[in-house]
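Student: In the order they appear, the protein sequences are chains H and U.
Residues in the first sequence are numbered from 1 upward in steps of one, following this note's numbering.
Residues in the second sequence are numbered from 1 upward in steps of one, following this note's numbering.
By construction, these hints were calculated from the structure, which means they are not laboratory data.
Don't take each hint at face value.
[Claimed, not checked] Calculated cross-link-like contacts (lysine-lysine; reagent style DSSO-like; alpha-carbon spacing at most 27 Å):
#1 Lys104/U - Lys56/U
#2 Lys78/H - Lys104/U
#3 Lys78/H - Lys11/H
#4 Lys26/U - Lys70/U
#5 Lys14/H - Lys57/H
#6 Lys104/U - Lys26/U
#7 Lys11/H - Lys57/H
#8 Lys104/U - Lys57/H
#9 Lys26/U - Lys57/H
#10 Lys11/H - Lys104/U
#11 Lys69/U - Lys56/U
#12 Lys78/H - Lys14/H
[To be verified] Distance windows between CB atoms, simulated:
#13 Val97/H - Ser58/U: 14 to 24 Å
#14 Gly3/H - Gln14/U: 29 to 39 Å
#15 Arg54/U - Pro70/H: 35 to 45 Å
#16 Glu55/U - Asp63/H: 41 to 51 Å
#17 Ala98/H - Arg60/U: 25 to 35 Å
#18 Val74/H - Leu11/U: 35 to 45 Å
#19 Lys56/U - Val74/H: 33 to 43 Å
This structure is a prediction, so every number in the text was calculated from the model and none was measured.
We put the CB at the ideal spot given by N, CA and C, even for glycine.
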Amino acid sequence: GAGVSQSPRYKVAKRGQDVALRCDPISGHVSLFWYQQALGQGPEFLTYFQNEAQLDKSGLPSDRFFAERPEGSVSTLKIQRTQQEDSAVYLCASSLVAGSSYEQYFGPGTRLTVT
Amino acid sequence: SQQGEEDPQALSIQEGENATMNCSYKTSINNLQWYRQNSGRGLVHLILIRSNEREKHSGRLRVTLDTSKKSSSLLITASRAADTASYFCATDEGNRDDKIIFGKGTRLHILP
Numbered sequence: 001g002a003g004v005s006q007s008p009r010y011k012v013a014k015r016g017q018d019v020a021l022r023c024d025p026i027s028g029h030v031s032l033f034w035y036q037q038a039l040g041q042g043p044e045f046l047t048y049f050q051n052e053a054q055l056d057k058s059g060l061p062s063d064r065f066f067a068e069r070p071e072g073s074v075s076t077l078k079i080q081r082t083q084q085e086d087s088a089v090y091l092c093a094s095s096l097v098a099g100s101s102y103e104q105y106f107g108p109g110t111r112l113t114v115t
Numbered sequence: 001s002q003q004g005e006e007d008p009q010a011l012s013i014q015e016g017e018n019a020t021m022n023c024s025y026k027t028s029i030n031n032l033q034w035y036r037q038n039s040g041r042g043l044v045h046l047i048l049i050r051s052n053e054r055e056k057h058s059g060r061l062r063v064t065l066d067t068s069k070k071s072s073s074l075l076i077t078a079s080r081a082a083d084t085a086s087y088f089c090a091t092d093e094g095n096r097d098d099k100i101i102f103g104k105g106t107r108l109h110i111l112p
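Extracted from the complex, chain H is given alone in its bound form (with noise of 0.2 Å):
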């Protein structure tokens, strides 16, 4: 069956622009995360959905990051006024159920790079 997909997968964008990044969890899957990869690094938190509800958005570094997930399934990752600092790979990743104890199926991820 289909994967985890995210869109786009690579996105250049001028200091200052505003992004949006697009995932498409596995269907059924309840929990949906957002992660943000930089070069030889593991991925870092950033934010949690159990549905559409927002859990945790702790690892969010800035108020200039928002995600939401209106109806449970697809999930959009904005980020306002993007810097360079914000260049990284965004992955997103669903689970069947609520919980850490469960497998995370990841998608290929989002490459931005802000110039």
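Since the structure of chain H is provided, determine the placement of chain U on it from the hints.
Tutor: Quick look at chain U alone, frame taken from chain H:
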């Protein structure tokens, strides 16, 4: 913040040899997971071990967990070129059951 930390940061071995990577973490956990990431397949779940388990096997993978030392190891036996990748451990935060926190990873290179 990083809960888990892998050791070594990088490892190069000959094809056919065994590779061992270690993960240390700071707080109590409910479970620990290992993931692999390469350019071809992205980030893929390998194995999950619960805090009441000491060892788990999956094919050529063997994972151990020592909660008294807050550490885990991942052993890959009879390595292959396709095992070249970065390997990450990920843990929950023990007192909560939602997100997992990844370490910085071990970069494994299998030499032909």
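Student: Hints first: check each against the structure and report whether it holds.
Tutor: Going down the list of hints, with the structure as the test:
1. A distance of roughly 22 Å separates the Cα atoms of Lys104/U and Lys56/U; the hinted pair therefore holds under the 27 Å criterion.
2. Among the hinted pairs, Lys78/H with Lys104/U is consistent with the structure: their alpha-carbon atoms are about 25 Å apart, no more than 27 Å.
3. With a C-alpha separation of about 13 Å, the suggested pairing of Lys78/H with Lys11/H holds against the 27 Å cut-off.
4. Under the criterion of a C-alpha separation no larger than 27 Å, the hint pairing Lys26/U with Lys70/U is consistent with the structure, at around 7 Å.
5. In summary, the hint linking Lys14/H to Lys57/H is supported, as the alpha carbons are separated by about 26 Å, within the 27 Å threshold.
6. Distance check on the hinted pair: Lys104/U and Lys26/U sit about 14 Å apart at the alpha-carbon level, within 27 Å; holds.
7. The straight-line distance between the Cα atoms of Lys11/H and Lys57/H is roughly 23 Å, inside the 27 Å bound, and the hint therefore holds.
8. The hinted pair formed by Lys104/U and Lys57/H meets the criterion: a straight-line CA distance of about 21 Å does not exceed 27 Å.
9. With a CA separation close to 22 Å, the supplied pair Lys26/U and Lys57/H stays within the 27 Å bound.
10. In summary, the hint linking Lys11/H to Lys104/U is supported, as the alpha carbons are separated by about 24 Å, within the 27 Å threshold.
11. Simply put, Lys69/U and Lys56/U have alpha-carbon atoms about 17 Å apart, close enough for the 27 Å limit, and the pair holds.
12. Between Lys78/H and Lys14/H the alpha-carbon distance is near 15 Å, which keeps this suggested pair within the 27 Å criterion.
13. Against the hinted window of 14 to 24 Å, the Cβ-Cβ separation of Val97/H and Ser58/U comes to about 21 Å, which satisfies the hint.
14. Checking the proposed 29 to 39 Å range against Gly3/H and Gln14/U shows it holds: the Cβ atoms sit about 33 Å from each other.
15. As the Cβ distance of Arg54/U to Pro70/H is approximately 43 Å, the hint placing it in 35 to 45 Å holds.
16. Evaluation of the 41 to 51 Å hint for Glu55/U and Asp63/H yields a pass: the beta carbon distance comes to about 45 Å.
17. In this structure, Ala98/H and Arg60/U meet the distance hint of 25 to 35 Å, their C-beta atoms being roughly 31 Å apart.
18. Restraint check, Val74/H to Leu11/U: a C-beta distance of roughly 39 Å satisfies the suggested window 35 to 45 Å.
19. Here the CB-CB span from Lys56/U to Val74/H is close to 34 Å, well matched to the stated 33 to 43 Å.
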